[in-house]
Amino acid sequence: EAGVVQSPRYKIIEKKQPVAFWCNPISGHNTLYWYLQNLGQGPELLIRYENEEAVDDSQLPKDRFSAERLKGVDSTLKIQPAELGDSAVYLCASSVAGANTGELFFGEGSRLTVL
Amino acid sequence: QQQVKQSPQSLIVQKGGISIINCAYENTAFDYFPWYQQFPGKGPALLIAIRPDVSEKKEGRFTISFNKSAKQFSLHIMDSQPGDSATYFCAASMTYKLSFGAGTTVTVRA
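As given, the protein sequences belong to chains A and B, one line each in that order. Residue numbers for the first sequence follow the numbering used here, so the first one is 972 and each next one is one higher. Residue numbers for the second sequence follow the numbering used here, so the first one is 11 and each next one is one higher.
Do not rely on the hints blindly, as some may be mistaken.
On the chain B side, residues computed to face chain A include the following (Cβ under 10 Å) [as the list claims (entries may be wrong)]:
id : residue
1  : Q16
2  : Y42
3  : P44
4  : Q48
5  : A55
6  : A101
7  : L108
The set of hints was computed from the structure by calculation and includes no laboratory data. Beta carbons are placed, not taken as given, at the ideal position from N, Cα and C, and that holds for glycine.
This is chain A alone, in the form it adopts within the complex:
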């Protein structure tokens, strides 16, 4: 069974440029998460989707970050414009809806470097 797939794995951009990350969750997983992981720290939740509905986006910086999950499967996270402090790993995770809330399956992440 394929795991959570993310792309690109690495992205280097100049500050003020836009960037987008894509995530394909495990088949059948209705819940999708985007996490931010700074170097040497634990992941922090940005947004959680149940199917196509964003049910928790309280930690998403909405002035520059946006996300969508059309058709309740793949998801895209966008940053526009990027700032130096956005350099981090962006992790996508998925889980079965209604499953134990701590059992998440993570992708390998997209590492963003803003110059």
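Take the given structure of chain A and dock chain B to it, following the hints.
Showing chain B alone in chain A's frame:
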């Protein structure tokens, strides 16, 4: 504000030794406590988890000890192997929100 405090930040253990990582939390509404293992360049992967009504859970060489009254829990890695070298995150979950500790980097020397 970090809801789960984890220590130590890093540790080095000899092959065959025991690694111990400690975590503490404040919010008694947390109802599930997983541990995740992360290798460089990979995403975190669920290792073992426990509910607060259980004091200990063992899976192979990995054991979680849970002290509900002290609001503390710990991971013990017995007979540590070089392949266990990774970063370990404790976490606490409530209402679909998973809060992670800052992580402990474990290095197992052969």
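Against the structure, the hints come out as follows:
{"no.": "1", "hint": "Q16", "in the structure": "holds (8 Å)"}
{"no.": "2", "hint": "Y42", "in the structure": "holds (4 Å)"}
{"no.": "3", "hint": "P44", "in the structure": "holds (4 Å)"}
{"no.": "4", "hint": "Q48", "in the structure": "holds (8 Å)"}
{"no.": "5", "hint": "A55", "in the structure": "holds (7 Å)"}
{"no.": "6", "hint": "A101", "in the structure": "holds (6 Å)"}
{"no.": "7", "hint": "L108", "in the structure": "holds (6 Å)"}
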